[in-house]
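Participant: Hey, can you work out the whole structure from these sequences and the hints?
So the sequence lines, in the order shown, correspond to chains S and E. Start counting the first sequence at 1; every next residue gets the next number (the working numbering). Start counting the second sequence at 1; every next residue gets the next number (the working numbering).
To be clear, the hints were calculated from the coordinates, so they are not data collected in a lab. Hints are not guaranteed to be accurate.
What the hints assert, rightly or not - In silico negatives: residues of chain E with every beta carbon more than 12 Å from chain S: (1) S56; (2) P120; (3) P124; (4) I218; (5) I246; (6) D247; (7) I253; (8) E297; (9) N337.
Unchecked claim - A few chain E residues that face chain S, going by a derived Cβ cut-off under 7 Å, partial list only: (10) G249; (11) K250; (12) Q251; (13) Q254; (14) V288; (15) E293; (16) M334; (17) Q336.
Positions of the beta carbon are idealized from the N, C-alpha and C atoms, including for glycine.
So you can see what is in the structure, the chains are spelled out below.
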Amino acid sequence: MLQLEHMHRIAAACYPETQAEGSKFWHDAKPVKFGNSVAFAPTVTLADYQIPGDSSYLLILRVECYTTTFVAGAPGFGLFSPPPSGTAHWVFTDAVPITDDYRITPDEPLHILVDSDEMLFAKGGQKLSLVAALDPAPDATPRVIRTLVYAYLVGAIIADRLGPSETTYFSE
Amino acid sequence: MADGITLWGLTKMPAGEYVIQTGNYIGSVWQASPELTPYGQGIADNYPTQIPWYLSFNVTEAGTDTLEARRNRTIVTRPLLYDVLILGAHALVPLPANSIVPNPQAFIYLNISHNETGIPWATPNRIGHFPVPAIAGIDTGGPTSASIAVAANSVVRWPEAFFLPAHSRLKLEFFVFGRADLPGFVVPLRLIFTLLGVKLVNLSAPAPQFVTMPNGAIVPVGSRLPWYSTVPIGVFKSNLRSDFQIDPGKQTIQYFPPQFCDVEIHGIYSNFINGVLPQAEKLSLKLVDVDSETAWEPSQSPTPAVFGGEHQANPVMPLTLPHILKGRHRMQLMIQNNSPDPVVGGSVTLVGVRQCEY
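Facilitator: See the structure below:
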């Protein structure tokens with residue numbers, strides 16, 4: 001449902017003049033889901049995706065994230081818990097692994113980048129990662145951090161019409 | 001041979017006659033004056049006598065106060081007997097041996113206005129001035145222990161020639177950055193500023209009122225004003241207009257003030273490419289023309305790919321194409337600091353031509 005709603009809004013936000021043009025925008029957006037399940041560590045990759053080389057752009061619209069544990073009897077067993085505290089940033093990791101020069105967002109408190117809506121464009125052909133620096137785990141129980149990204153491969157015309165309104169980030 | 005082609009030191013004039021190039025004629029028929037813009041050339045064509053012209057003046061301020069309010073200097077040029085077409089400027093900025101600021105010239109700001117119109121060349125915002133290297137070539141006179149010599153650009157050519165009518169004056173208001181929270185951040189204001197141009201003499205006719213542009217438009221003389229729009233990079237830390245910074249790992253958006261008229265943006269200068277931050281390549285940017293649905297950058301670019309600095313031959317890095325910023329439109333600049341250091345006092349200046357009086 002969320003994907004259909006996203007698709008619909010992408011096409012509508014391009015302000016097509018005709019139904020045929022709107023249909024083109026609809027077909028030029030391809031939903032992609034990705035995300036990792038990781039354990040607590042100082043630095044983790046919450047999600048990564050190799051954007052196809054011949055795709056124009058990836059448009060990220062929503063990032064969901066939660067923490068849980070499947071250790072029977074452990075505190076919080078099977079319960080949804082909020083994302084851990086720490087900082088994170090989106091970064092291109094294909095050229096050099098996790099080099100700060102290739103960040104496409106600033107390094108922000110985790111809640112700004114996960115479990116939140118997003119409107120971020122990434123160029124085709126890049127490997128895109130959401131890298132987080134986490135605070136220490138709350139206890140010794142093995143816990144997992146699950147991240148799910150709703151994104152859309154879009155063509156250049158869609159990107160051109162939506163691009164100037166891309167998200168920016170601010171925190172102090 | 002086409003009209004105006006130079007052959008054996010002779011120039012063919014519009015009436016068909018050939019004249020010897022004496023060097024006192026800069027006109028469109030000469031077709032060997034690429035240094036003049038069509039607007040400037042159209043003005044110069046009205047003057048039979050044209051002489052290279054330089055006007056220098058000292059700008060000094062002995063104080064070492066960090067509070068910028070006490071660190072202003074206003075220079076008013078003396079009225080001149082003849083009309084002048086000002087083409088560019090040069091600034092000799094001797095470096096103090098003990099300066100802790102590597103590039104003091106990047107922290108000296110300036111605004112210019114013509115006393116007949118009072119129109120400031122800098123767009124009004126919290127800074128309201130632009131760095132001197134955006135308008136003048138910098139020569140630091142030699143290296144010191146704290147600084148390297150800068151002489152890559154002795155003269156910066158302005159985006160448009162400025163016609164200074166006889167008996168009128170230019171007002172130059174200098175102001176130097178200071179920071180209340182960092183007393184050592186003292187930039188000396190000590191420079192020799194030189195305006196360069198062509199003195200225009202025509203004893204038999206008044207100054208031209210209109211100029212025909214290459215597209216056939218007839219525009220008033222004085223209608224193409226140099227335009228400098230400077231925004232700070234980062235967040236203001238106090239109520240001082242010079243006290244701002246962008247911290248490591250942070251991103252900011254800045255909006256350039258809109259104009260009521262179209263503006264041609266020719267290039268961009270930034271004072272942190274060579275000065276404030278040694279890792280300017282770790283600052284990335286996106287530029288957007290907010291009111292245009294297509295004018296944006298799809299990927300972040302390193303700042304040295306887009307902005308110029310005073311160590312470069314072109315301190316105002318030309319855009320790949322002059323961008324026409326429509327009236328009431330705004331330019332938006334996103335900057336992200338991926339370096340481990342803060343950028344303190346960094347600013348970005350769009351340089352172009354205002355068309356308000358068209």
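Participant: When the nearest CB of chain S is found for E293(E), is that gap smaller than 7 Å?
Facilitator: Because about 6 Å separates E293(E) from the closest Cβ in chain S, which is inside the 7 Å limit, the hint holds.
Participant: Are all beta-carbon distances from I246(E) to chain S longer than 12 Å?
Facilitator: violated (9 Å)
Participant: Verify the interface restraint on Q251(E): the C-beta must sit less than 7 Å from at least one C-beta of chain S.
Facilitator: holds (4 Å)
Participant: Are all C-beta atoms of chain S more than 12 Å from that of P124(E)?
Facilitator: holds (24 Å)
Participant: Beyond 12 Å from chain S, beta-carbon-wise, is E297(E)?
Facilitator: Its Cβ does come within 12 Å of chain S, the nearest being 9 Å, so this is violated.
Participant: If we take the beta carbon of S56(E), is the closest beta carbon in chain S still more than 12 Å away?
Facilitator: holds (43 Å)
Participant: Next item in the hint list is V288(E). Is there a CB on chain S closer than 7 Å to its CB?
Facilitator: holds (5 Å)
Participant: Have a go at the Q336(E) hint: is there a Cβ in chain S nearer than 7 Å to its own Cβ?
Facilitator: This hint holds: Q336(E) lies near chain S, its Cβ roughly 6 Å from the closest one there, short of 7 Å.
Participant: Beyond 12 Å on every Cβ pair: is that true for I218(E) relative to chain S?
Facilitator: Consistent with the label, I218(E) stays out of reach of chain S, its closest Cβ about 35 Å off (over 12 Å).
Participant: Should the label of P120(E) as a non-interface residue stand, given a Cβ cut-off of 12 Å to chain S?
Facilitator: holds (29 Å)
Participant: May I ask you to check that I253(E) keeps its beta-carbon over 12 Å from the closest beta-carbon of chain S?
Facilitator: violated (5 Å)
Participant: Can we keep the G249(E) interface hint, with Cβ of chain S closer than 7 Å?
Facilitator: holds (4 Å)
Going through the hint list in order, the structure does not satisfy hints 5, 6, 7, 8, 9 and 13.
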